[in-house]
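Trainee: So the chains spell out like this:
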Amino acid sequence: MAMRRAPLAAAFAAGQERSLAGSTSNQFRLAIKDLHFSYANGTKAVDGVSLEFRKGVTAIVGPSGCGKSTLLRLIAGLSTPTEGTIERRFASGQHDLAMVFQEETLLPFRTVRNNVAIYHKLHKTSKAEAIRHVEDLLSLVGLKEFADVYPSQLSGGMRRRVAFLSAIASTPQILLLDEPFSSVDEPTRIGIHQDVLRIVREYDIATVLVTHDIAEAISLSDRIVLLTHRPSQIAQIFEAPFDGHREMLKLRESHEFLELYGQVWAALASQISAGAG
Amino acid sequence: MGKGAAYSATDSSKRHSARVITTQLTIILVFLTLWQWLPDIHWISDRWALLNPAFISSPSLVVGELGRLFRGQGGILIWPYLKSTLLATLIGVCVGLALGVVLGVLMSTYGFLRDTLRPFIIAVNSLPRIAFIPIVILIVGPGESAAAISSVLVVFFIGFFNAFVGGSRIPAAVIENFGLMGASKLQELIYVRSAYALVWTFAAVPNAIAFGLITVVTTELLTGGAGIGSLIIQGTQNLDATLIFGVVVVLGVVGMLLTLGAEYLQSKVARWSM
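The listed protein sequences correspond, in order, to chains A and B. The numbering of the first sequence is my numbering, which starts it at 1 and goes up by one. The numbering of the second sequence is my numbering, which starts it at 1001 and goes up by one.
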């Protein structure tokens, strides 16, 4: 862990400088108020959700099809709410928002290095700075030796890591994760969780994670927002009693983890039952 | 154990390749033998007019004719004809694909353009494009440019449809991700749509070459002015099946070499798909 701090600091040094020079972090604000959303066919997906997001990781869980991903798309601005407001205020001089999608978004004809460098390419960062930043990012998750291979030559877990790096290459103020690790096997996923948590914590990226995996939600987040069955409302909010430096492999054995898992599961089960009824 | 398995897989692959090549050579040998000797068996060639040597010539005569064509003996030197056909084909393939890709990418990117032009494209595509050749000949005359322009017209649609499909089938999340990264519409067009379109277009290059060559030869057959097609007309007019078969063999080899060249380039450019 200690060995990885150095490249992490280097990787985000440029972003930190931009952030500090531009403004202070307390300018960040993301809040949704009485949000409603209906699909084109009239089906109501979100029914009056209000929530203020804060620094750290917020996980959103709920029954399958309850509108978790729809809520995330509304926050990202990829869908427009039927009613309600989304307040997004960002510090200037730093990229506002990035998202890791459930689907593959890596460009198959670009190498790992060039996929991670896309943001710099789009924003015409100096070549030297872009190369250095991408190298540092790849080192963070142990993918430096795979820099010149194509996504099709990587395992599923590696591709997810590259997609994550590609998103945080912009050093965003908000990172939205839409079930990004659901296709990855459990041991690999836990490894990715460790990397993701370390990076978003140290760089202070406000993160919203949508997941159907309660263990993933508890492992990564500071609070877990449980949605009702569709149309979704907030059913309950749980606070995770863990600090930022979590050992993912050991965390799942802890009493606190198991107790919280039981609570969230019981609440989710009652929502599933209510939806079925 | 692992090494043993690897060796066995390699050996099996080598055995497979050897069997394939042996079978291919056998097919060619049997075909040439039958072509050479069947017409000489009179009770067979008398029953089937198709086997009349006047219609189908023979491999030995065709080989002799090829020798004469490439050395210029017998009054015909094939190189200028070949050059004319190849040039028209290359112009047709390159210009046709380039124009097709540009329109395909633009239409896959801009909804207004797509919705406006779609019925026209469908209408033109449903026409037999070979019917344009006489119109092209009427407009530009029966020279090399008629063959090249006709080839452009045919290849254009291959390039266009591949680029359009490639540019349209990009996963929505890829485009949305680019938008969230702050990409402009122009950057989306350059870094995503064009790249996907080119990948699809590359896959269609062997087809484009085949259709380009067919169109050029068809135009030459109609005009009789220049190129390999005019040699076929000459063979037809002189009832010279050997010349026609010789020219067809040359065309086959040229088409195969162009396609293999395109596939080689494809493997070099599209390393990511390996």
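Hints in this document: simulated from the structure, not taken from any laboratory. Please note: incorrect hints may appear among the correct ones.
What the hints assert, rightly or not - Derived pair list, reagent style BS3-like, types lysine-lysine, alpha-carbon separation capped at 30 Å:
no.	chain 1	residue 1	chain 2	residue 2
1	A	K250	A	K144
2	A	K127	B	K1268
3	A	K124	B	K1185
4	B	K1268	B	K1083
5	A	K44	A	K33
6	B	K1268	A	K124
7	A	K124	A	K144
8	A	K55	A	K33
9	A	K121	A	K55
10	B	K1268	A	K144
11	A	K144	A	K121
12	A	K127	A	K144
13	B	K1185	B	K1014
14	B	K1185	A	K121
15	A	K55	A	K250
16	B	K1014	A	K127
17	A	K55	A	K124
18	B	K1268	A	K121
In this text, all values refer to a predicted model and were calculated from it rather than measured experimentally.
Trainee: Does each hint fit the structure? Answer for all of them.
Mentor: Tested hints:
1. Under the criterion of a C-alpha separation no larger than 30 Å, the hint pairing K250 (chain A) with K144 (chain A) is consistent with the structure, at around 27 Å.
2. A threshold of 30 Å between alpha carbons decides the hint, and for K127 (chain A) with K1268 (chain B) the separation of about 26 Å falls inside it, so the pair holds.
3. Restraint check for K124 (chain A) and K1185 (chain B): the C-alpha separation of about 16 Å stays at or below 30 Å, so the hint holds.
4. A hinted pair counts as satisfied when its Cα atoms are at most 30 Å apart, and K1268 (chain B) with K1083 (chain B) qualifies at roughly 27 Å.
5. With a C-alpha separation of about 17 Å, the suggested pair K44 (chain A) and K33 (chain A) falls inside the 30 Å cut-off, and the hint holds.
6. Simply put, K1268 (chain B) and K124 (chain A) have alpha-carbon atoms about 28 Å apart, close enough for the 30 Å limit, and the pair holds.
7. Under the criterion of a C-alpha separation no larger than 30 Å, the hint pairing K124 (chain A) with K144 (chain A) is consistent with the structure, at around 23 Å.
8. Proposed proximity of K55 (chain A) and K33 (chain A) is supported: the alpha carbons are some 18 Å apart, at most 30 Å.
9. A threshold of 30 Å between alpha carbons decides the hint, and for K121 (chain A) with K55 (chain A) the separation of about 28 Å falls inside it, so the pair holds.
10. Distance check on the hinted pair: K1268 (chain B) and K144 (chain A) sit about 24 Å apart at the alpha-carbon level, within 30 Å; holds.
11. Only pairs whose Cα atoms come within 30 Å are accepted, and K144 (chain A) paired with K121 (chain A) is accepted, the gap being roughly 19 Å.
12. Restraint check for K127 (chain A) and K144 (chain A): satisfied, since their Cα atoms lie roughly 18 Å apart, inside the 30 Å limit.
13. In summary, the hint linking K1185 (chain B) to K1014 (chain B) is not supported, as the alpha carbons are separated by about 50 Å, beyond the 30 Å threshold.
14. In summary, the hint linking K1185 (chain B) to K121 (chain A) is supported, as the alpha carbons are separated by about 15 Å, within the 30 Å threshold.
15. Between K55 (chain A) and K250 (chain A), the direct Cα distance comes to roughly 25 Å. Compliance with the 30 Å bound is thereby established for this hinted pair.
16. Simply put, K1014 (chain B) and K127 (chain A) have alpha-carbon atoms about 46 Å apart, too far for the 30 Å limit, and the pair is violated.
17. Annotation: proposed proximity of K55 (chain A) to K124 (chain A) holds, straight-line Cα distance about 29 Å (limit 30 Å).
18. A distance of roughly 24 Å separates the Cα atoms of K1268 (chain B) and K121 (chain A); the hinted pair therefore holds under the 30 Å criterion.
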